[in-house]
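K.L.:
Since the structure of chain W is provided, determine the placement of chain G with the ligand on it from the hints.
Protein chains in written order, with full-length UniProt numbering: chain W, 1 to 375; chain G, 1 to 133.
In silico negatives: residues of chain G with every beta carbon more than 10 Å from chain W:
(1) 13
(2) 14
(3) 18
(4) 21
(5) 23
(6) 28
(7) 34
(8) 52
(9) 57
(10) 111
(11) 113
(12) 114
(13) 116
Computed spacing ranges between beta-carbons, pair by pair:
(14) W:245 / G:69: 23 to 29 Å
(15) G:23 / W:186: 46 to 52 Å
(16) G:100 / W:99: 55 to 61 Å
(17) W:127 / G:100: 19 to 25 Å
It should be emphasised that the hints constitute simulated quantities derived from the structure, not laboratory data. C-beta atoms are modelled at their ideal positions from N, C-alpha and C, and glycine is treated no differently.
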Amino acid sequence: MMRGKFVIAGVGHTAFGTLPGRSTVSLNVEACRRALEDAGIEKRAVDGVFVKTPTSAREILYGQTLSEALGLQPRIGIALDQGGAANMSGIAFACLAIEAGMCEVALVCYADNPRSGSRATYARPRGDDAAFGWFSTAAGYAMIHRRHVAEHGTPEAAFGAVAVAARRHGAANPNAQLRKPLTLDGYVAAAPLVAPLRRDDCALISDGAAALVVMSARRARELGVKAAVPILGMGQAHTSWEVTQRPCLTSTRAKDAARDAFAMAGLGPADIQVAQIYDCFTITVLMTLEDYGFCPPGQAEGFVREGRIEHGGDLPLNTAGGLLSETGMPGLQLVIEAVRQVRGTATLQVPGVRHALVSNQGGTMHTHATLILGG
Amino acid sequence: MTLPTPEVTPLNEAYWAGLAAGELRFQHCPHCGHRWLPARRECPACLREGAAWEKAAGTGQVISWVVYHTAYHDAFRDRLPYNVAIVELDEGPRLITNILAPHESIAAGMRVRLEVQSDFGVNLPRFAPVGAA
Ligand SMILES: [Zn+2]
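So that you can see chain W by itself, here it is in the shape it has in the complex:
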C-alpha cells in the first residue's frame, strides 16, 4: 500500500522570469538549497537525486553534473527524459526507490533557462516535414486544439476561460512572471499565432528552477520535518505516438494516469478541492479535465465557464497562475502550489483543502503523470 507512505518534506524555487547568466545547474542548486531549508534537513541526509533534463539544452550525464555541484555522491542519481511529465514521474521513481530500500531521502528537481538562453527547441522543424512549414511546439498543440473544436464544437470562450483564470491567479502571485490580468474580450482580440492558437493560449518562456525533498513519512518524523505533505496517489501513462500518427487527437493516456492515481488514493474527481493542471496550452487543460473524469468527453466548456475554475469557484485551477502566468517552467511549480494548498499557506488559499491534484505532461501530450496530495 503506497497511499500516504511517502511525503513531500520540503519545496523550493528560484525567482521566475528572466535570470541571465545563470546555468541550469546553478538554478537547480539554488532550488535544492531552498527545498532543504524548507524541509529543515541537512544536505548530508540526501542520497537520491532525480532531475528532469533541461528542455532547451540537453547534456549527457546531467544527473552527475548536478550531483557534483550539490556536493553529493548519491546512491541513485539520474536524469529523466519525459518532457514535462518527468517532474512527477521523478517523484514516483523516488518513492519506488525508497520503498525498495535503494535510497532514503531524494531531491526531485528541474531547471531551465530558455528565456535568457536558447529558445530554438520550441521553434524547431518537426522531422522531415520542414518543407511543408511544419515548425514549432505550438503547432502540434494547435493541431489538437483544432481537432477538439471540430469534434466537439468547443467554443473560443472555453479556451479563453482557462487563460483568464490563470492570469487572474497569476496577478495575485508576487512571484509570477506575468501579472497582467486578461479579459475574455482581450483573449479573443489577440492576433492568431498558429491558428487556432492565440498568444494567450501559450505558456510563457521562462528561466527558473524548482525542487522538492521526498522521503518516507516515517523518515520525516525521525528527522523532525514540520510540514510534510503526504502523497496519496500517483500514476503515469504515455501516448507516445507523434501527433501526426496518433489515432485519436482529443484524448490521451492521461486517462490511465489519473485512473491509477485515483485508485491508489482511494479517491475520485469529486473528492478534489483544488487542482493544478499542466497548462502549456489551454487545450491541454480542457482535455485533462475530460480525461480525468471531471467532466464527460467534449464537455469541458461547461466545466470551465462562468469562473468555475477561478478562486472562489467550484474547482479552482492553477491557483498560482500556472504555466500561462506564473512561469512557463515545466511542472514542478504546480506541485509546489499543491503543497502550499494542502499546508494552507497559498496566496490564493482555497478553504478546506483535503485533497489537491496535479497533472504534468510532456512533448505534445506524449507523456503524462498524475499526483494527488493530501492529509
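P.N.:
Frame of chain W, contents of chain G with the ligand only:
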C-alpha cells in the same frame, strides 16, 4: 539559414523516388498487413522486418489543420498565412502536408486528393479538395 530539406537515406529513398515519379508510396508489412508512414525498418505492429512499398491511391481526408501567422523560418516569411494539415490516406497511413485550398474552406473530414508539387527543390505530396479543378 537554409531550410532543412528531407534527408534521403537507404530507408526512405523509395518514398522520395516515388514522389519524384509523381506518386505517393507508403509501407506495408507482408507479415501482418499493417500500413504506415513515415519509413521505418521494423513494423510498429508486429516488429518484423521486410516492409514493402505500395503506391497510394492518393485520396484521403483531413484530420486536422493549422494556419501559421508567424514564420519560424525565413523561407516562410513571404508565404504567411499558410496552412499545414494532417491527412489520413484511405489506406490508413497519415502524413503532414499542405492543403491547396482557401484556409476558411478547410474542414475536418474534408475529402482530398494528392497533388505532387515541386518546392524547395523536392517533390512534395500536397492535397487539393476532391472535386476542385
Ligand atoms: Zn507487421
